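Start from the sequences and build out the full structure, keeping to the hints where you can.
Chain order of the listed sequences is A and B. Number 361 marks the last residue of the first sequence (my numbering); no jumps. Number 361 marks the last residue of the second sequence (my numbering); no jumps.
I should point out that these hints are in silico values taken from the structure, not numbers from a laboratory. A quick note: this is a predicted structure, and the numbers were derived from the prediction, not measured. Idealized CB from N, CA, C, for every residue including glycine. Among the clues, some could well be false.
Claimed, not checked - Selected chain A positions facing chain B (Cβ under 7 Å, derived; list incomplete):
#1 R56
#2 A59
#3 A61
#4 L64
#5 Q93
#6 T105
#7 N107
#8 T290
What the hints assert, rightly or not - Partner residues aside, some chain A positions facing chain B, computed with beta carbon under 7 Å:
#9 Q23
#10 L103
#11 L123
Number of protein chains: 2
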Amino acid sequence: MNRPGSRSGTTMNDVAAAAGVSQATVSLVLNDAAGTRFSEETRRKVHAAAHELGYRTNAHAKVLRDGVAGMIGFVGDFVATAPFAGKIIEGAQARAWEAGLLLLTVNTGGDKALEAASLETMLSYKVAGVVYAAMYHRVLDVPDVLAEVPAVVLNSRDRSGRFPSIAPEEELGGYTAAKRLLDAGHRRIAMINIGAVDGELPAAVGRYAGYLRALQEAGVHPDPALHRIGDGHEWGGFDNALALMTGPQPPTAIFCANDRTAWGTYQALAQLGLSIPHDVSLVGFDNQETLAPHLRPGLTTLELPFLEMGRRAVERLLGGAERDGSTEYFECPLVERDSVAAPPKTTSSHPKSPNQRTGNA
Amino acid sequence: MNRPGSRSGTTMNDVAAAAGVSQATVSLVLNDAAGTRFSEETRRKVHAAAHELGYRTNAHAKVLRDGVAGMIGFVGDFVATAPFAGKIIEGAQARAWEAGLLLLTVNTGGDKALEAASLETMLSYKVAGVVYAAMYHRVLDVPDVLAEVPAVVLNSRDRSGRFPSIAPEEELGGYTAAKRLLDAGHRRIAMINIGAVDGELPAAVGRYAGYLRALQEAGVHPDPALHRIGDGHEWGGFDNALALMTGPQPPTAIFCANDRTAWGTYQALAQLGLSIPHDVSLVGFDNQETLAPHLRPGLTTLELPFLEMGRRAVERLLGGAERDGSTEYFECPLVERDSVAAPPKTTSSHPKSPNQRTGNA
DNA sequence: CCGGGCTGGTAATTCGTATAACCCGGCCCC
DNA sequence: GGGGCCGGGTTATACGAATTACCAGCCCGG
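Printed below as a string of structure tokens:
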């Protein structure tokens with residue numbers, strides 16, 4: 001009764017006994033090992049016995065012998081919890097499964113002790129690699145222990161440059177957003193940011209840089225008064241939108257550096273009686289699926305390609321330890337909805353264009 | 001080079017050699033095995049060597065011997081992806097970790113083949129049990145293979161009654177929601193449901209039943225015209241709210257059977273120029289964290305206790321295979337915000353109450 | 001009649017850990 | 001002075017699967 005493994009289920013020995021062959025034969029037959037020959041009769045008996053007894057291979061025994069496990073560790077700070085980032089896990093898991101691997105996930109909630117302990121456990125399970133994921137894009141310090149195993153940093157960058165990283169291409173995203181508004185004809189384009197542009201938030205810094213580049217490329221001189229720092233939440237959008245639209249020279253379009261900020265902006269514009277996109281055009285960022293498609297009108301925004309990023313993280317892990325520490329950037333595609341239109345013709349305080357259409361109200 | 005396990009890291013034998021003792025001694029010392037005696041000197045040497053060499057136990061070898069692994073399987077349909085249900089994983093993981101266990105998670109996305117395959121893999125890893133989770137509360141069929149291992153159904157109920165299940169207490173939730181509105185003084189209380197009440201959606205059926213019970217208990221005769229079936233999304237809320245409020249006898253309060261429906265209702269009411277909670281009071285359901293707290297005004301709603309449910313699922317798994325197939329229901333606490341007030345005094349089309357306050361506009 | 005090759009399989013070993021069984025020297029006690 | 005016992009370890013084995021080396025026939029050619 002105290003014998004370990006007493007409830008371990010059917011083993012190869014049981015199958016061998018039932019089929020009247022040796023354990024080695026069972027192993028070779030079931031694995032269809034190359035370069036071996038067994039009679040059809042024997043194969044049949046083995047398969048029949050295995051099926052009969054409900055044989056299932058003991059993964060631990062296999063790993064112990066082979067030295068490599070069929071699991072990948074996935075540790076994140078709040079990834080499983082973050083409302084929109086579940087996709088990142090989904091992508092990682094999908095790719096892992098294609099390679100026949102399972103994901104060992106831990107959500108540390110920012111607890112460094114838990115993080116360290118779970119990494120230890122993962123390593124003791126001989127995971128084939130570890131994906132170290134962050135809820136939001138930042139520069140972070142990777143635990144040293146990860147040097148012992150293939151590891152990649154996901155949705156962030158490794159400060160030390162030791163590990164390959166995967167992150168969204170923020171600057172291009174900002175550029176795309178601003179360009180979309182420029183292409184629609186806007187010239188006074190505000191941006192409500194989600195953090196300081198001299199801080200450590202690549203999203204805030206990059207998206208702003210892209211916004212500036214687009215403006216300059218279009219020959220529009222950026223007005224500092226049109227760039228405002230929000231908090232990344234509704235209030236940041238609400239307050240800043242209110243301030244912008246009631247200011248001396250209100251913009252005709254606003255680039256909100258994330259969707260929640262955009263939501264706050266919707267609410268502020270509604271309060272002011274301004275319509276989207278007729279009076280003001282809007283572009284968001286994140287394509288938060290519980291939000292962006294459901295706003296009225298639907299929010300045109302940029303999508304964080306979490307699914308692909310998750311996939312790629314595992315892909316890179318599997319591709320061997322290319323210990324190059326390079327960062328791979330993922331483009332954020334523009335998702336068109338209905339929050340962008342041409343600027344209103346009436347508010348044109350700078351009648352620049354000579355051949356202005358004969359405007360009927 | 002082809003030797004398996006060549007990169008397997010330090011083993012107990014290495015430690016034993018370094019410390020000048022036998023492998024058994026290392027095992028006994030490191031595990032602090034009861035009933036054994038070793039000199040302090042030996043213990044020190046062993047620990048020193050282990051630390052020196054960076055020894056880490058090989059979990060697979062241990063499991064192989066002991067027969068039971070330190071992992072719990074977690075398979076869900078869309079749980080990892082669903083925006084609000086990440087908490088369910090978080091809770092499960094937290095409880096598992098307290099028991100020193102890791103979660104092996106798979107998100108099947110509804111793919112039955114993937115589900116079967118990953119369950120096989122989990123079982124081959126000798127998981128201590130499996131949590132079978134569903135994105136939304138329903139009655140489902142559990143794969144037979146789960147009978148081989150402790151298993152519990154999470155956020156749904158097992159049709160066969162073989163497995164313990166954990167689900168939210170929908171009826172009480174509906175009752176609480178309606179009672180909150182009754183207590184605020186409302187008598188014409190509508191409900192916009194998220195599905196048919198004769199269907200297989202316990203949330204729709206249960207919440208409606210609770211709503212009815214609260215009304216009847218308060219002596220309010222339910223008006224069938226005030227119960228409407230939506231689709232669970234914004235449009236269901238929008239359309240039905242519009243219909244309700246423009247009907248012959250509009251309600252003074254609406255119970256929306258989920259938060260997204262409530263959001264649609266907000267939008268409809270805004271369009272009609274009605275204010276919440278002054279003109280109409282609202283109660284939602286789900287306490288979706290990306291939505292409910294951010295609406296204006298904040299939505300009073302019922303919270304699905306996912307964190308606790310996740311915890312409890314693992315707890316029940318660990319508590320041994322109480323193969324009782326009973327369902328354990330979790331109460332949904334009311335989360336007060338600002339969408340409920342007393343009914344407007346002016347619209348009282350049924351002057352029932354004799355001592356009506358002298359209403360000033 | 002002997003050797004070689006082929007067919008169809010088996011015995012033995014390995015992975016890393018836990019643990020039951022055992023062993024040896026010294027001390028105490030009768 | 002011998003047996004018991006205790007402190008301080010060691011030896012051996014099992015867990016389940018994969019794999020290498022080997023083995024027993026049998027056939028065929030020279």
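Each hint tested on the structure:
no.	hint	in the structure
1	R56	holds, 5 Å
2	A59	holds, 4 Å
3	A61	holds, 5 Å
4	L64	holds, 5 Å
5	Q93	holds, 6 Å
6	T105	holds, 5 Å
7	N107	holds, 6 Å
8	T290	holds, 5 Å
9	Q23	violated, 15 Å
10	L103	holds, 6 Å
11	L123	holds, 6 Å
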